[in-house]
Each structure stands twice: as C-alpha cells, then as structure tokens.
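*Asks:* Make the full structure from the sequences, and use the hints.
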Amino acid sequence: MFLIKGARILGGAPADILLRDGVVAEVGAGLTAPEATVVEADGLIALPGLVDLHTHLREPGREDAETVESGTRAAAAGGYTAVHAMANTEPVADTAGVVEQVWRLGREAGHCDVHPVGAVTRGLEGERLAELGAMADSAARVRVFSDDGHCVSDAVLMRRALEYVKAFDGVVAQHAQEPRLTEHAQMNEGEVSGRLGLAGWPAVAEEAIIARDCLLAAHVGSRLHVCHVSTAGSVEILRWAKSKGWQVTAEVTPHHLLLTDELAETYDPVYKVNPPLRTKADVEALREALADGTIDCVATDHAPHPAEAKETEWAPAAMGMIGLETALSVVHEAMVETGLLDWAGVADRMSARPARIGRLTGQGRPIEVGAPANLTLYDPAARTAVDPAAFVSKSRNTPFAGLELPGRVHATFLRGRPTVLEGKVI
Amino acid sequence: MKRHLISAADLTRDDALLILDTAEELSRIADRPIKKLPTLRGRTVVNLFFEDSTRTRISFEAAAKRLSADVINFSAKGSSVSKGESLKDTALTLEAMGADGVVIRHNASGAPHRLAGWVRGSVVNAGDGTHEHPTQALLDAYTMRRRLGDLDGRRVTIVGDILHSRVARSNVLLLNTLGADVTLVAPPTLFPVAVDTWPCEVAYDFDAVLPKSDVVMMLRVQQERMSDAFFPTVREYSRRYGLDARRLSALPEHAIVMHPGPMNRGVEIAAEVADSPRSTIVEQVANGVTVRMAVLYLLLGGSEPAIGGAARDGGDAARDGGDVSRGGAIRDRGDVSRGGDAIRNGGDASRREDA
Amino acid sequence: MSAASVPAHGSSPDSDVSHKTVLEAPDIRRALTRIAHEILERTKGGRDIVLLGIPTRGVTLAARLAARIAEVEGEPIPQGSLDVTMYRDDLRLRPARALGRTELPPEGVDDRVVVLVDDVLYSGRTVRAALDALNDLGRPRAVQLATLVDRGHRELPIRADYVGKNLPTSAREKVKVLLAEIDGRDAVVLEVPK
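Chains as they are written, first to last, in our numbering: chain A, 143 to 568; chain B, 151 to 505; chain C, 1486 to 1679.
What the hints contain is simulated information worked out from the structure, not anything from laboratory work. Computed from a predicted structure; not experimentally measured. Be aware that one or more of the hints could be misleading.
[To be verified] Here chain A is said to cover these stretches of chain B; the calculated rule only asks that three of the stretch's residues, wherever they fall, bring their Cβ under 8 Å from a Cβ of chain A:
1. 270-284
2. 332-344
[To be verified] Below, simulated DMTMM-like cross-link-like pairs (lysine to aspartate or glutamate); rule was C-alpha separation at most 20 Å, straight line:
3. A:Lys422 - B:Asp346
4. B:Lys185 - C:Glu1588
5. B:Lys186 - C:Asp1617
6. A:Lys147 - A:Glu168
7. B:Lys215 - B:Asp250
8. B:Lys186 - C:Glu1588
9. C:Lys1529 - C:Asp1646
10. B:Lys185 - C:Asp1621
11. B:Lys186 - C:Asp1575
12. B:Lys185 - C:Asp1595
13. A:Lys566 - A:Asp521
14. B:Lys186 - C:Asp1646
15. C:Lys1529 - C:Glu1558
16. B:Lys362 - B:Asp394
17. B:Lys215 - C:Asp1617
18. B:Lys186 - C:Asp1595
19. B:Lys215 - C:Asp1574
20. C:Lys1529 - C:Asp1596
21. C:Lys1661 - C:Asp1501
22. C:Lys1505 - C:Glu1640
23. B:Lys185 - B:Asp220
24. A:Lys308 - A:Glu273
25. B:Lys186 - C:Asp1574
26. B:Lys185 - B:Glu175
27. C:Lys1650 - C:Glu1509
28. B:Lys215 - C:Glu1558
29. B:Lys185 - C:Asp1617
Idealized CB from N, CA, C, for every residue including glycine.
*Replies:* Rendered as structure tokens:
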C-alpha cells in the first residue's frame, strides 16, 4: 500500500493518492493511511502510466542489444507501465509460440506490461500473411500487427491484412516506406543530403504509402495505424483522412519532435534512423499535429543497437535510436515548454490514446478511484544533461547525449506496485 | 590544433590560394634532377584505400615520397562491420603506428569525418563515396589557373552525373571560394533535389552554355546509371550531354576541356576532344602530385597545420552531445506555429552559405 | 654611423623595445660596393659566378650586388634565388609557412662558383639549409657566402666569405634589415628589449 502525498495530478492542484490492492483507492487532500508507505510527491506531477505502442525489445535473437528484462526496466525508468514489443526479432514474432514467449518473458520481468506485436507477414517478408488469428487468440492476445522495419508494400496484402484483423478488433500498424523510392536511402532527401552526398530518402516515399493505406482502410472499413510519422506531407494526408471520419490513427517519435536532418553533418550514425530525421518545417508540422490530435500519440520506436553497429561509417551503420528513458523529457521540451500541450494533453498522447489504439483496458486510465494503479510521478523542475552511461537500457545509441533536457521520472507504479522509486528501478 | 582536409568547404580563400601558390613553387621541383625534398623526413603518411583507385593512391604516394615522408599503403576493400575489420579498428591500428597524416579513400560518404574523430593525425580526404574529393578540386583549380590565370569571374561548366559526383561537389565549393562562376549541366535526374541551394547555376541545355564557358569539365558517367533509369540509353546521354567536336567548336577560342578521369571515350567525351590541345587531361594528372605535395606540406610540414578545417566529430559520445545542442535540435520556447527561428544553427549557418 | 634611436619604419611603436639604427642607407651602399669588389677580386673578375639570394631580402641584395658587379665589369652576371624553407631544421617548431621562390639562372649552378647572399648571418642554420638545397640542384665548383650583417652566435661551423658589417649583438636583440625595394627605405635596425 502506498500513499502519495501532494502530487499534482496532470499538473493540477496538489492531492494525495492512495494505492491499495492494485487500484487507486482514494484521491483527495490530507489522506492518511497508517499502514501505507508514504511517497512524498511535493512538486511532482502524477501522470497515468505511459504506454508505448512501438518498442523494440530485441529478444529473442539480439540479446546483446536488449532483452525483455533490460528493455522493460528502461521502460519503467522512463515512466512506462506498458510497451508493445515489435515483431522484428529473430525468430520473427509471426507465430503464437513466439508472441507467447515474449509475453511470458515480460510477465516474468515484471517491470511493465509487455504486449507483443505480431508480424503481418511471415518472416516480415511481405509475401504471405502470418497466422494473425492464432496470435490474437494466444495468451499474448495480440491486437497490434506490424511488419515494422519493413513496409507492407503489396497493396493486396495490405488490404487483406486490414480486413482480416477486423475479426478480432485488431489494427495494422504500417511502417510507411515505399521500398523502391528508398533503395539504399540514407537520410532525408533535401538540401543536407545533397551536400553530404548521402542517398536521399524522399518524404514522398512515406506519404504515398500513407495515402494509399488511408484509402484502403476506408475502402474496407478497417482500422489503420501509421507508425512514426515524420513529414509535414504525411500530416496533411492524415488530417484529410481523419476529416473523412476514417479509422486512421498515427504516432510520432520523440526524436522526430526535436531533431532535424542537419545532425547528419556530423556523419555520426547515432543520428541515423528510419524514418530519417527531417527538416525544421516537418518538425513544426509534427508538433502541431500532435497538439491538435491529427497525430494521436507519441511512440518511442526505442531501437537498441550494440556499439559496433553505430561506431562505423554512416552507410553501413544500423538505423534506430533508443528512447524509452528520454521520451517524457523530450515531449516536455518539445510540446510542454513550447505551450503546445499541457500535462493533461501529455497524458492523453502518451497513455490514454496509445492504450485505446492497442485495445488495452487496464492501461491509460485516468488517475481516479477504482482505476488500476498505473501511474508515474514526474519532477518537471529537474533539468539534466542526458548521460548515456546512466541508462538502464543495454544500449547507448541515444541522439540526445549531452543535451540538457527538462524533467525526471521520480517513481512508476504498476498496478500499485512500485517499479521505480526515487528515480531508481526496483 | 588538429586540422584536416575533408571538404573543400574547409578551405578559406586564403587557404586555397596558399595551397595553389605553394604548388606553383613546388612545380619547379618537378623539372629538376633531384625531385625529392627532405621536408617530411620522419613523418609517416598512411594511404588508407578502401576503394580501388590506383591513380589517386599513386599520386598521393608520389607526393608524400617526394617530401621524404615514410609512406605506408593500406588497402582494404569492403567496410561494413559484417565484413572484416571495422574502420574504427583500422583507425586504432593507425594510431598504434603513429601516423602523422592519413590519406583516406572510401566508398562511404563521411568516412573521413568519422576517421578524424578516431585518430590524432591529420586526415586528407582522397574521395569519400558521393560526397567530396577536395584534392581533385584543388588540382583542377590549379590546372585552370595555369591555363587561364586568376579564377575570379571565370565561367566553369561542369557536365555529367552531379548527383553521384564527389568531384562536382568539391569543385562547386572550391571554385565558388575562388570567385569563379560555376554552371552545372546534367539531365534533371542526375541533379540532387536541392541543387538550387548550391552556389552555382543549373542548366539542362548543354549547347546554350557552351559559348559562355571558359572551362568545360566533363564527368565520368557510369553506364550502370542507365539501369536505374537515370537516362534512357548511353547513346541518348552522349548525344545530349557528351562533348564532341561540334560542341568543342562552339566554345570560345581560349576555353579548355577538363576531365578528372578515368574517361569513357565516346560516351561523355569524344576521343578527338580528349586528345585535342585544349584538353588538360594529362596535365591534370601531373598537377595532382604537385598539389598533393602542397597539401601534405601545409598540413604536416610545421608544428601545426597551416590550412584546413578544425577537428571533426568522431565517435566520442561527449562530443556527439555537444553537436546535438549546437545544431539540429529544435529548441523553441515560443509557439512553433508562429514560426520563430527555432533551429539552433551555431556555426553551421555561415558554412551553409558557401555550401 | 648613426646611433640615433628611431622607431623602425612600418612597425607600430612598441613600448617594450627600443630601436637603434646601426646602418643607414649610405652605409649599406658602401658595404655592398665593397662586397662587389671583393667578390670580383676573389673570383678573378667574377668568372663563372652565380649569385643566389636567399628569400626574401637576400634576393634583393643579390640583385644589387649583381648590378654593381655588372657596372664594374660591363656585362651582366647570372643571378637567382634559392628558397630554403623545405630544407630548414626548425620546420616543426613553427606552423608550416609559405614557400619562397627558387629560380636559377639559365646557366644553372653546375661547375659554377655560387655566391649565396643573405641579409643576416646568425646561427648558420639557414646557410646549412641553403647548402642542402643547393646540393639537390646541382654541383657547383665552389660555394661562397655573402652577408650584409654578421651578428655572431654561430651554432654550426659556418663563416661568411664577404661581410658588410660585423655587428656584435646579444641573443636577446633582433637585427632587422630594411631594403627600399621591400620596406621603402634602407637601414639596419637593432631591436633591443627594454
């Protein structure tokens, strides 16, 4: 039993929160509970536990980069109580067996809920559908399906997947990347790529697929989720699709809310990511879209890589950045400090909406009596330079190293049990 | 201070003129019986070639040897972490050998930047991917200056695969620094999308540009570009963008024809043009050694380099952090929709002007 | 000889240094005339000689000597310049510097009597570098050295064959030779730190 004293729920007036039997038992001023452990939360903001729709835990297969244990510890440290583990493991999570293995590893680790994402196509090869139903019916109860890392570029296959998952209220999360337009692509195609002599990754390669998939989803009346939206043009297409009332949702990563392609001037592959960092105009459009709800949520696309995959020339380096432990601070910097979102908005975009898209019932609920006690306490006044050495994740490939960012996760509770206290993972 | 020659943008106008003037003096040595100078005795220059380029390697090797440096040739093909030793491990090996200068040729754009972060010596870019080849631009400028005098206001037309050409990138930057007016000519498919931000003119019609050119530089066009649909056929490319006798006759009397080599005779340049007295192609090769001697002398000959850009970022995490806070991170305190100038550009703003 | 203390031409007044002119223009003129005659005497009428100045001021002095010798003998004598930068032994003590010009007369240096000309002879290291540079250019029959000022403090076994003025100095002092062609006036100035 924990009694949180004086936390500002969603940044509002200070209140006490009593957590008992895995739920929020009481909320109010001057609460007492003699048996409860008191957590002093003066000045801290209470948010519902964060939910990530897009996490690469790398297990099974690349345990040198991350494991379910280390990745979920990092998630807890970042204020998350649920993550969706992407399917591009080795073997690929394209069967009930693999998704159940990941789900079970998550339960054993106990740092946050792990919801495996099932592959749309067998082996992520884009040729035949994986056994989506078997994964949905498994113990992991998969609802989000994605070939992330690869685009389901075949229009027929995409249509079938969108239709098929309706049977169990699933959603296809598309990695929107037209493959022919991005062969050998290295970074955003624009002024910087031309100057640096790095093969360009045009915005249209993302936008064309999003447009096609919105039309397909409307045609078959299915839910579509768009992974890591990165361009202003994508935002326009999503805005149009939503205005039609189509069931389209989208996510943006923290790094696309803060960083631009000029960082590639260093040729340091720590800035190499898929989709690539874009321009200032894109960043501004993404921020606005997240603020007005065109983009539904923030998803980390936490993509751990061992040092040797990044300590290399740009072209052969792996794509991806880790983000679980910095996501909330980056959103604070990009959205709250700029006045684009308040803390209620942050809770909506980082907890409620992603939970709804993933059809999670026990996550993303408001901090109110009777709700599962999933919450995070965040110190908005802290301000520290990002130190990769201090990360809980097994990997260090953060683009934010040395950057001073606001805020710090003080505590995280998963169904009433602390997974982080005093900033330390338990 | 640690300095390198990685991009032609590393050179100020004074730097570039110092290199050309130094090369001018050094060229006199080429005519005398003893071509060797003792200047770099005891210095070690490593030629690190990850890409086959016998011409460039020999040119740098001759330059270093004429300055009495100890030269180590290190050839390694293929560079990804999955194929053998990584660039970083190679860099650590060079450190152990005590290389004062590393000349690197690599198929990955930016490899010299990365190397500069991992070694103590000065790095000279001998061509990286589709990025830059600054010593080629220097020898081209040197060749132009010998033939035409001061480059200020001279009109240089560069024709060919601009998109994939490191020679074009370095030449545009250096020629702009030296005051020349550059026009790039290519089919629209072979320009980078944002070429309009480069400090040069862009044209699709070769014939219209010819009479206004003091220099025409033809770039090698890779035949495999055809299979990627950059142009329909070699014949059509050659007809629209090749330099033949008819086009040569449309040039002003004094104009010269250049090619960085190796040439595709009959594709971008007709044999009779390549062999004409207005062609500087053979001169360019000879001038390469002289210009590279000047670069090596000015980088390695003193207690500290006299030219070049400051140390670049490598793999060091602490310095990476410094970069993200200097540029590329949008840290806007105001309303982004109002479009406040958000990108902290630091020193990059000035660099972009001449890039 | 004037001993007046004047600021060196072209340099801003420096409070830490006092400037003492040790040779005025007429002194320099007389010294060069004398050297020209000595060269003619020693080389039996200047037969087969080549004057090579060491940049920057040695080249100017060599040109003046050549003109004087030509006046006396009635025919021009070969002269040129010899840059020693690439042969210096102190390259690593300073940033790499721009090169001076090496320009040999068409006669070359083989089997000639080369007279090296420099403005100030000090440690002897520049002359050592010049001898090395000369060695790479050919094989003179003999090499001689002319200098406007010999200020002592030799660090190598080198001495001048022709000296305009022996000037005892301390190592703290600097000797500056000013020549009209380069500096607008002729003078030799001693800079003494206060």
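*Asks:* Below or equal to 20 Å on CA atoms is what counts here, so check Lys185 (chain B) against Glu175 (chain B).
*Replies:* holds, 13 Å
*Asks:* Next pair to validate is Lys186 (chain B) with Asp1575 (chain C); report whether the Cα-Cα distance is within 20 Å.
*Replies:* holds, 19 Å
*Asks:* Please verify whether Lys185 (chain B) and Asp220 (chain B) have alpha carbons no more than 20 Å apart.
*Replies:* Holds, because 16 Å separates the two Cα atoms, which is no more than 20 Å.
*Asks:* Check whether the Cα positions of Lys1661 (chain C) and Asp1501 (chain C) lie no farther apart than 20 Å.
*Replies:* holds, 16 Å
*Asks:* Is Lys185 (chain B) close enough to Glu1588 (chain C), meaning Cα to Cα at most 20 Å?
*Replies:* Given pair Lys185 (chain B), Glu1588 (chain C) holds - Cα atoms ~15 Å apart, limit 20 Å.
*Asks:* Assess, step by step, whether the Cα of Lys422 (chain A) is no farther than 20 Å from the Cα of Asp346 (chain B), and give holds or violated.
*Replies:* holds, 18 Å
*Asks:* Is the straight-line distance between the alpha-carbon of Lys362 (chain B) and that of Asp394 (chain B) 20 Å or less?
*Replies:* Holds, at about 17 Å.
*Asks:* Taking only the CA atoms, is the gap from Lys215 (chain B) to Asp1574 (chain C) under or equal to 20 Å?
*Replies:* holds, 18 Å
*Asks:* Confirm or reject the coverage of the region 332-344 of chain B by chain A under the rule of 3 or more residues with a beta carbon closer than 8 Å to the chain's beta carbons.
*Replies:* holds (count 3)
*Asks:* Can you confirm whether the C-alpha distance between Lys1529 (chain C) and Asp1646 (chain C) stays at or below 20 Å?
*Replies:* holds, 15 Å
*Asks:* Taking only the CA atoms, is the gap from Lys1505 (chain C) to Glu1640 (chain C) under or equal to 20 Å?
*Replies:* violated, 25 Å
*Asks:* Take the C-alpha atoms of Lys566 (chain A) and Asp521 (chain A), compute the straight-line distance between them, and say whether it is at most 20 Å.
*Replies:* holds, 14 Å
The structure fails hints 14, 22, 28 (numbered hints given earlier, in ascending order).
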